[in-house]
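Heads up, the sequence shown is in the numbering used here, so the first residue is 8 and it goes up one at a time.
A portion of the hints provided could be inaccurate.
Calculated pairs, DSS-like style, for lysine-lysine (alpha carbon to alpha carbon, straight line, at most 27 Å) [said to hold, decoys possible]:
(1) Lys16 with Lys125
(2) Lys125 with Lys98
(3) Lys104 with Lys16
(4) Lys109 with Lys125
(5) Lys98 with Lys16
What the hints contain is simulated information worked out from the structure, not anything from laboratory work.
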Amino acid sequence: TGLLHGRDKLAAYVDADVYVLPSAYEIFGRTLLEACACGTPIVVTDRCGIADVIDGQAGLAVPYDKDALGKALRDMLNDDQMRRQFGKKGKLLVREKFNWEKISQQMESIYQSCVSPKG
């Protein structure tokens, strides 16, 4: 589909059965959180920095291997209940752990630790 913005991007997340991030290296993967916020279940490789947060909560994290990725995708596509469950959990995950209040508290804590005198 190419690059999407705004409502088109939101519609693509909402309409997707599964969001797959097959990256060999991904520090965080903001698009994963965007998909989660839309209730889209996730399949991601374990080379994504947020894979441990996603796995079992918003979707499946698998080894960086085409066979493992293919199996996870087939499993997800063949199980409506799994997709619905991960979709609901993903929305909750984003709401509880990745909201601006939580992020600002974490950043404030980091800044405080940087400027506090070492004793």
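Hint-by-hint comparison with the structure:
1. The straight-line distance between the Cα atoms of lysine 16 and lysine 125 is roughly 46 Å, outside the 27 Å bound, and the hint therefore fails.
2. With a CA separation close to 39 Å, the supplied pair lysine 125 and lysine 98 exceeds the 27 Å bound.
3. Taking the CA atoms of lysine 104 and lysine 16, the gap is near 22 Å; set against the 27 Å cutoff, the hint holds.
4. Straight-line distance between C-alpha atoms of lysine 109 and lysine 125 comes to about 25 Å, which keeps the hinted pair within the 27 Å bound.
5. For the proposed pair lysine 98 and lysine 16, the alpha carbon gap of about 17 Å is at most 27 Å, so the pair holds.
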